[in-house]
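Protein chains: 2
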Amino acid sequence: MSLNQLATHGHRLFVDVHTHVYLPRYASFLRSRTTAPRIFSRPNTDNADGTSEERLLILDNEPSGGRPVGPQYWDREEKLKFMDRHGIDVSIISSANPWLDFLPASTAHTLANELNEDLETYCSTSPTLTGLHNLKRLYGFGLLPLVPSAPISSLLETIDQISKLPHLRGIIMGTKGIGKGLDDDALEPVWEALAKTGLVVFLHPHYGVDSNAWGEKENGHVLPLALGFPFETTTAITRLILSGTFDRHPTLRILLAHSGGTLPLLSSRLASCIAHDPLVASRLQHDARHYLGNLYFDAVAYGAEELGFVSDVIGRAGAYEGKAGRKDADGKVGLDERRRVGSERMLFGTDHPFFPPLSETEKWMSVVENLDAIESVDGWTEKEKDAVRGGNALKLFGLS
Amino acid sequence: MSLNQLATHGHRLFVDVHTHVYLPRYASFLRSRTTAPRIFSRPNTDNADGTSEERLLILDNEPSGGRPVGPQYWDREEKLKFMDRHGIDVSIISSANPWLDFLPASTAHTLANELNEDLETYCSTSPTLTGLHNLKRLYGFGLLPLVPSAPISSLLETIDQISKLPHLRGIIMGTKGIGKGLDDDALEPVWEALAKTGLVVFLHPHYGVDSNAWGEKENGHVLPLALGFPFETTTAITRLILSGTFDRHPTLRILLAHSGGTLPLLSSRLASCIAHDPLVASRLQHDARHYLGNLYFDAVAYGAEELGFVSDVIGRAGAYEGKAGRKDADGKVGLDERRRVGSERMLFGTDHPFFPPLSETEKWMSVVENLDAIESVDGWTEKEKDAVRGGNALKLFGLS
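Line by line, the protein sequences give chains A and B. For the first sequence, UniProt numbering begins at 1 and goes up steadily by one. For the second sequence, UniProt numbering begins at 1 and goes up steadily by one.
Simulated from the structure, these hints should not be mistaken for lab results. Keep in mind that the hints are not guaranteed to be accurate.
[To be verified] Listed next, the in silico BS3-like pairs over lysine-lysine satisfying Cα-Cα at most 27 Å (straight line):
#1 A:217 / B:180
#2 B:363 / A:327
#3 B:383 / B:395
#4 A:164 / A:196
#5 B:385 / B:332
#6 B:81 / B:136
#7 B:196 / A:217
#8 B:217 / A:196
#9 B:395 / A:332
#10 A:363 / B:332
#11 B:385 / A:332
#12 A:395 / A:383
#13 B:217 / A:180
#14 B:176 / A:217
#15 A:176 / B:217
#16 A:383 / B:332
#17 B:176 / A:385
#18 A:385 / A:395
#19 B:323 / A:217
#20 B:363 / A:332
#21 A:323 / B:363
#22 A:196 / A:176
#23 B:332 / B:196
#24 B:81 / A:385
#25 A:363 / B:327
#26 A:323 / B:217
#27 B:385 / A:327
#28 B:323 / A:363
[Stated by the list, open to error] Non-contacting residues of chain B with respect to chain A, defined by C-beta distances greater than 10 Å in every case (computed):
#29 148
#30 184
#31 212
#32 276
#33 280
#34 289
Since we're looking at a predicted model, the values are computed, not measured. Glycine included, C-beta positions come from ideal geometry on N, C-alpha and C.
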């Protein structure tokens, strides 16, 4: 650890669990495509000097013809510079959406395997954190070929591949599964294998909701990103809870993007709706609120009140074991204790390289905001804040 | 006020602001229809004794062929019995969805006017609250003919009608406006008129989101109700915020169903997305979080942590005036103070007659849960709890 790092953090490391890359092989692949998702060049719209810019179009009919992309999306040096600028010691890198979702099964399988090897190399050849027992600065989440009609054997083989790559500590996953969502019975062997390996599953949105919901007003990417992403994550994890997956695999380790979308605010409403529906209620072993204690949440919510609340609902999960109502109803566990317990499942993230600042030398507002938010949560002591900034990640990913 | 009421509440009244009715005229109208929304009879599925039951089908392809309905959906005596059983002194009654959404404009106008008169009579002939200056036990939210192609003049006439009916204190509104949503420029005179009259606009979901999101597993009404409803409300109010409506009409009084859906948990993410989108950012006068301080939220969230959090984000709204970031960043207003300020815009509700209990003599779980939740919020004193249970509503609806 450098003197600078020591001075900045004391002995506490900052670990970013939500940080993306388009690996060079994947970026080249996107450049070769003529329909979304694709990367294409067009004359630079910011000036008329004849230069061109590359743009990434993730979805058809995306507002503004996609977004400008550059080296920060694929170049490892840019990632390390970003980390240094913000005092981030270790990053757990994941491929950015849309992953392999749009590919035929055999192409997806081959490309997943190649990209997993690429990411292993990207991480294993990254700098070592000075003085810290060969801890690298980069670790990764691998990819599964989760596409329609993917044979389950192909998914299980890839889980096996990833579990043997020492710098990959999890997988990133969208919400579609092999076409029918994550509550698809066909995925049961996949959850079983993931629970067995201990790989962390980073559940991340991509599709949002039907764009008719956003209306006709020009609002850029605001509605799909601010609302559609969290709705999608919430729906996916709720369907997974309702299918009994956590009853069958309580050791499954799922990390939810964007602090769980809106599940934290809807879990009591969900519990009430389930209680009024005997079919669903009889299928589950616990009150819906209990399952939030099985999950991990990144701390990418942009506000201290939000983070405090997320820790509140994780911290009460234990009181909702079984279906007999709240166990601590007569002597409710206090706010500070709930928040302490809940904080153990929350992990700092940045969402880099999305939401770049307007100037190249600035600190990224999204990072500053999320660090400020952690610093300002009511009820968290320095111990909880340190854990959210890095300690929890070191444990979860087996790095301590 | 009866001795019993005094004994139960001291001098504090319980006011239910989220409680629905299908007025007899409306129920008859639904019985005359052959496509959704409709009320139809079918043999009672709970026993084979040859009796029939009425079922309400709100949407086409609704799970389980709709839901059973009975007198509690239209009979005023049932409403009053429900209120007495739960110690509710006053209810502000609103028509239940889907209101008039499915009708041609002229029918909708006529029926709105008739139903508003019906509701006025329903309320004005309700019992007086003993000893309390002719306070009635029932007040109401009227209906506007908000249907595609409705002439704005028809909406303005109906606002005028409602504002002259002394027991109607607001209107209930879905999310579609006159077909293009609530951020439709054509609705500007409607917001202006509503702001001028001071009528409270109760914004309530009906459509949810595209049902493809719910997948193929049998989950009854759980997903559309637990997730779809809050997503719809969140989208509608966010679009209204983005359109600058609260900048133009800061005195508009909008009450959000189900504690604002998920807006409270997404407003910081929304602010961050807006900050990265110059077009939208330049359109608005304030940080997105500021607008939560313009809104009112029912306390129908089924959990104490949820209510505490909602009050937290309302209570911080003042610190986000303008676009220069958080004003109290260096000496953050404490949790108790934020929650005290926020509680002033939160109001008890039950969502009656939905979510009935299994036995007729039981207290309704949804009511008990929501009252328990209010009782258990960290940082709320008895004063705040009393205000949420009734005092805030008395003020908002001009009943004190």
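field: Hint check, failures only
entry: Of the numbered hints, 9, 17, 23, 24, 30, 31, 32, 33, 34 do not hold.
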